[in-house]
Amino acid sequence: MIGLLLYLALGVGLLVFLWALARRKGAPVEGCGRQFVEARQALRTLQLGLLPENLIERIFDQEDYRYVTATSPGEIGELFLQERSRISLMWVRRVRSEIRNLMHFHLAYSRLHAKLSLLTEIRLALDFALLLMACRALRILLYLRGPYGARSVVRVLAATAGRVCAASEKSLAFLNPPALESFRRDSAGHGAAI
Amino acid sequence: MLSLLLWQAGLLIELLLLVRSVQTKTFTKYIYFYAYVACVFIVSAGLFIGHSRLEFYEAWYWPTQFATLAMGCAVVLEIVRQALADYPGAERFARVASWVVFAATFCYVEWHVARRTVWSTANATVELERDLRVIEALVLATVLAIVFYYRIELGKNVTGMIVGFGAYVGVSLTTLELRSFVGPRFDAVWPILQTTAYFFALIVWTVALWTYSPNPKPPDAGSGYDALVHGTRERLDSLRSQLRGVAR
Numbered sequence: 056m057i058g059l060l061l062y063l064a065l066g067v068g069l070l071v072f073l074w075a076l077a078r079r080k081g082a083p084v085e086g087c088g089r090q091f092v093e094a095r096q097a098l099r100t101l102q103l104g105l106l107p108e109n110l111i112e113r114i115f116d117q118e119d120y121r122y123v124t125a126t127s128p129g130e131i132g133e134l135f136l137q138e139r140s141r142i143s144l145m146w147v148r149r150v151r152s153e154i155r156n157l158m159h160f161h162l163a164y165s166r167l168h169a170k171l172s173l174l175t176e177i178r179l180a181l182d183f184a185l186l187l188m189a190c191r192a193l194r195i196l197l198y199l200r201g202p203y204g205a206r207s208v209v210r211v212l213a214a215t216a217g218r219v220c221a222a223s224e225k226s227l228a229f230l231n232p233p234a235l236e237s238f239r240r241d242s243a244g245h246g247a248a249i
Numbered sequence: 033m034l035s036l037l038l039w040q041a042g043l044l045i046e047l048l049l050l051v052r053s054v055q056t057k058t059f060t061k062y063i064y065f066y067a068y069v070a071c072v073f074i075v076s077a078g079l080f081i082g083h084s085r086l087e088f089y090e091a092w093y094w095p096t097q098f099a100t101l102a103m104g105c106a107v108v109l110e111i112v113r114q115a116l117a118d119y120p121g122a123e124r125f126a127r128v129a130s131w132v133v134f135a136a137t138f139c140y141v142e143w144h145v146a147r148r149t150v151w152s153t154a155n156a157t158v159e160l161e162r163d164l165r166v167i168e169a170l171v172l173a174t175v176l177a178i179v180f181y182y183r184i185e186l187g188k189n190v191t192g193m194i195v196g197f198g199a200y201v202g203v204s205l206t207t208l209e210l211r212s213f214v215g216p217r218f219d220a221v222w223p224i225l226q227t228t229a230y231f232f233a234l235i236v237w238t239v240a241l242w243t244y245s246p247n248p249k250p251p252d253a254g255s256g257y258d259a260l261v262h263g264t265r266e267r268l269d270s271l272r273s274q275l276r277g278v279a280r
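Going line by line, the protein sequences match chains W and B.
Under the working numbering, the first residue of the first sequence is numbered 56, with each subsequent residue one higher.
Under the working numbering, the first residue of the second sequence is numbered 33, with each subsequent residue one higher.
Treat the hints with care, as some may be off.
[As the list claims (entries may be wrong)] Label-pair ranges, simulated between beta-carbon atoms:
id	chain 1	residue 1	chain 2	residue 2	range
1	W	A77	B	V54	51 to 59 Å
2	W	Y120	B	P248	49 to 57 Å
3	W	E112	B	P248	45 to 53 Å
4	W	G58	B	A135	45 to 53 Å
5	B	A220	W	R78	17 to 25 Å
6	W	L174	B	I81	52 to 60 Å
7	W	S140	B	P120	45 to 53 Å
8	W	L173	B	C139	19 to 27 Å
9	B	P120	W	A180	14 to 22 Å
In case anyone wonders, no lab produced these hints; they're calculated from the structure.
Ideal placement from N, C-alpha and C gives every residue a C-beta, glycine not left out.
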């Protein structure tokens, strides 16, 4: 009986796949320059704008809330909590959207590479899936428990996103002109060129 | 009666498909696929001519069925080759995944056969066909998953090949398993379902392969870089004109 169910599931699953293929609208042929630029921007936004540790600490740490409740009336604390919830949800939305941008770029780029590594691809696919699921879970948790109720999920999300960013950075390395790289190496710590 | 009618109509469509492939020269592009159609046409025509003599039909049905089954695997190879030809990364992924699927199915079938105590030739042939269909279905599903995952655009010809052959394999697999489970009682419906599914596949192939329509080419690295340079130039021009406006 289990065998029958397995074979039937395979047959029906294949037919569903075919139905999806027949209904699929023509996907745009990707890989053009604009996509590289968008991916680069997504990577920058993630690395510099959304994933820095101090920003995550700032949004999800209770320190500010404790300070506000200790120094202001209760309704100000409530207002602060509402605003912090809004900001945390916005953060998750932005992270999710930039991760999707990176994922689309990675798929469009890696499918053309003859020396594609299967293990890396599978690991990255799992990372992307985990990230998108973590974003969904985080949004639900933030709705239910407020901005300070999901710190462990935020930590997992930030760590996995960092790993994906590192992989994407390698793919996009060719967009960094060598002259700029040497310029960057010769510059002082605060960014001013010597 | 219905299955006889579908059989005759199927022969005509196969002939039409082969003639059209010569006219449009598509047989040189999809050589394995048309070899399969030609093989099925020859086998079907031969069986149709001799179907009134029961002993001839019974003696030739299973050997010719195995020949078409083996050629069916060539169609799957053709689909993998054509669908992912311009995407070396995705093609490599599909090749390795297909080998894994093949090895896993083969091991499972071997293990299943080794455990069996009662052996019947009639059941064994049906099960062998079903197991080959399982491999074809799994490889097709893997290719489709890769096509969806990497958002690969397919041309009308290859889409038609996949939809037609996939539908036939899916229906065959389901009906073969039901035949194994229900037994000879299912024999009244089984040939009609199989013939209808194959007839559907033939119609899909005729429509999809009427004219040559290859897969859209992905942009190469060169055109990607060109587009990047073009975009940067456009942005620089717009910045320049804005600066001119400020200077005035």
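How the hints compare with the structure:
Judged by the Cβ atoms, the range 51 to 59 Å given for A77(W) and V54(B) is violated: they are separated by roughly 27 Å. Take Y120(W) and P248(B): their Cβ atoms lie about 54 Å apart, and the range 49 to 57 Å holds. Between E112(W) and P248(B) the beta carbons are some 47 Å apart, a value that agrees with the proposed interval 45 to 53 Å. The hinted range of 45 to 53 Å is not satisfied by G58(W) and A135(B), whose Cβ atoms lie roughly 20 Å apart.
A220(B) and R78(W) have their C-beta atoms about 34 Å apart, which leaves the hinted 17 to 25 Å range violated. Remark: the range hint 52 to 60 Å for L174(W) to I81(B) is upheld by a beta-carbon distance near 54 Å. A hinted range of 45 to 53 Å for the beta carbons of S140(W) and P120(B) is consistent with their spacing of about 47 Å. In this structure the supplied range 19 to 27 Å holds for L173(W) paired with C139(B), their Cβ-Cβ distance being about 20 Å.
Look at P120(B) against A180(W): about 18 Å separates their beta carbons, and that is inside 14 to 22 Å.
Checked against the numbered hints listed earlier, the structure breaks hints 1, 4 and 5; every other hint is satisfied.
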